[in-house]
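Asks: Each chain, letter by letter, is given below.
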Amino acid sequence: MNLELIVESLKLRVRYGAKNLKREVTGGFVGDLLSDVIANSQEGNVWITRQIHQNIIAVASLKEIAGIVLVQGSEPAAETLARAEQEGIPLLVSDLPGFEVAGRIYKMLNP
Amino acid sequence: MSEETKYDGHFAVEGGNFRNAGQVSSRIKNILKDLGCDSDMVRRAAIVTYEAEINIVSYARKGLIHLRAKPDSVRIEISDEGPGIADIELAMQEGYSTASPIVREMGFGAGMGLANMKRFSDNFSITSRVNEGTQVVMQIDQVH
Ligand SMILES: Nc1ncnc2c1ncn2[C@@H]1O[C@H](COP(=O)(O)OP(=O)(O)O)[C@@H](O)[C@H]1O
Ligand SMILES: [Mg+2]
Numbered sequence: 348m349n350l351e352l353i354v355e356s357l358k359l360r361v362r363y364g365a366k367n368l369k370r371e372v373t374g375g376f377v378g379d380l381l382s383d384v385i386a387n388s389q390e391g392n393v394w395i396t397r398q399i400h401q402n403i404i405a406v407a408s409l410k411e412i413a414g415i416v417l418v419q420g421s422e423p424a425a426e427t428l429a430r431a432e433q434e435g436i437p438l439l440v441s442d443l444p445g446f447e448v449a450g451r452i453y454k455m456l457n458p
Numbered sequence: 484m485s486e487e488t489k490y491d492g493h494f495a496v497e498g499g500n501f502r503n504a505g506q507v508s509s510r511i512k513n514i515l516k517d518l519g520c521d522s523d524m525v526r527r528a529a530i531v532t533y534e535a536e537i538n539i540v541s542y543a544r545k546g547l548i549h550l551r552a553k554p555d556s557v558r559i560e561i562s563d564e565g566p567g568i569a570d571i572e573l574a575m576q577e578g579y580s581t582a583s584p585i586v587r588e589m590g591f592g593a594g595m596g597l598a599n600m601k602r603f604s605d606n607f608s609i610t611s612r613v614n615e616g617t618q619v620v621m622q623i624d625q626v627h
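Residue numbers (the numbering used here), protein chains in the order written: chain A, 348 to 458; chain B, 484 to 627.
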């Protein structure tokens with residue numbers, strides 16, 4: 348399953364990375380604590396978070412995350428968007444709560 | 484030939500500067516990539532450097548990161564000038580954190596940074612003196 352199908356299905360708004368959505372998604376990770384994401388996420392995961400600070404891009408890049416989904420209508424800070432472009436990390440936005448985003452993506456990955 | 488040093492350099496980190504936090508680990512990642520180092524070794528070196536860098540920015544006045552790369556291992560030495568750590572065993576425990584509310588708002592302060600440095604390195608040691616500073620030495624070996 349690639350990120351593009353998830354974007355379409357959940358009607359995610361692509362704040363950056365329309366060209367980087369072909370990547371295969373290996374699973375997902377939910378969390379707002381950066382060291383927890385560093386410890387426990389896997390390469391190719393989608394990362395679901397409410398954190399909007401630019402540090403999320405550094406962490407996503409370190410862990411080779413496929414894309415970040417900001418939930419509950421959170422919008423990325425301006426510097427976060429700029430960093431996402433530099434690092435080529437797709438930055439997606441949903442109005443849905445994290446629980447629902449995670450549930451829907453989980454179902455898509457484990458039909 | 485495994486004793487041959489491929490890179491030896493220092494990087495300064497400024498305490499309190501969250502805007503630039505992560506720049507050294509990002510540079511180190513690129514340097515090691517350009518040297519053609521094993522990708523797992525590069526990934527782990529970047530992760531442990533990131534956590535070390537965040538600790539300098541969060542707690543110390545300033546710090547220095549020394550990177551030495553050999554063909555099949557990377558050594559990263561961190562030293563900072565700052566408050567030091569009174570109880571290292573406590574600081575190493577996952578979940579223990581003295582991070583300020585401002586630091587927590589940015590997503591740091593999970594109390595897992597030192598544990599992550601240990602987890603992602605093959606060799607980890609830490610020493611500290613209160614009111615002087617903290618030193619961390621980590622080695623990462625190529626797996627195969
Ligand atoms: N370089 C340092 N100087 C002073 N104190 C530190 C340093 N690094 C870590 N500490 C102390 O150890 C605690 C645990 O650190 P760490 O495991 O990185 O988690 P966190 O940074 O999320 O709190 C910190 O909250 C802090 O009290
Ligand atoms: Mg830390």
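Treat the hints as calculated values from the structure; they're not laboratory data.
Careful, some of the hints might be misleading.
Derived, one-sided and incomplete: chain A residues facing chain B with beta-carbon distance under 10 Å [what the hints assert, rightly or not]:
id: 1; residue: N349
id: 2; residue: E351
id: 3; residue: L352
id: 4; residue: E355
id: 5; residue: S356
id: 6; residue: L357
id: 7; residue: K358
id: 8; residue: D379
id: 9; residue: L380
id: 10; residue: Q398
id: 11; residue: A405
id: 12; residue: S408
id: 13; residue: L409
id: 14; residue: E432
Incomplete in silico selection of chain B near chain A, CB under 10 Å [as the list claims (entries may be wrong)]:
id: 15; residue: I530
id: 16; residue: P584
id: 17; residue: F591
id: 18; residue: I609
When the alpha-carbon atoms are kept at most 27 Å apart in a straight line, the in silico BS3-like pairs for lysine-lysine are as follows [what the hints assert, rightly or not]:
id: 19; chain 1: B; residue 1: K553; chain 2: A; residue 2: K369
id: 20; chain 1: B; residue 1: K516; chain 2: B; residue 2: K553
id: 21; chain 1: B; residue 1: K545; chain 2: B; residue 2: K601
id: 22; chain 1: B; residue 1: K553; chain 2: B; residue 2: K512
id: 23; chain 1: B; residue 1: K512; chain 2: B; residue 2: K489
id: 24; chain 1: B; residue 1: K601; chain 2: B; residue 2: K516
id: 25; chain 1: A; residue 1: K366; chain 2: B; residue 2: K516
id: 26; chain 1: A; residue 1: K366; chain 2: A; residue 2: K454
id: 27; chain 1: B; residue 1: K512; chain 2: A; residue 2: K366
id: 28; chain 1: B; residue 1: K553; chain 2: B; residue 2: K601
id: 29; chain 1: B; residue 1: K553; chain 2: B; residue 2: K489
id: 30; chain 1: B; residue 1: K489; chain 2: A; residue 2: K369
By construction, the Cβ of each residue, glycine as well, lies at the ideal position given by its N, Cα and C atoms.
Asks: In ascending order, which of the hints set out earlier in this document are inconsistent with the structure?
Replies: When the structure is compared with the hints, numbers 1, 2, 3, 4, 5, 6, 7, 14, 16, 18, 19, 30 turn out to be violated.
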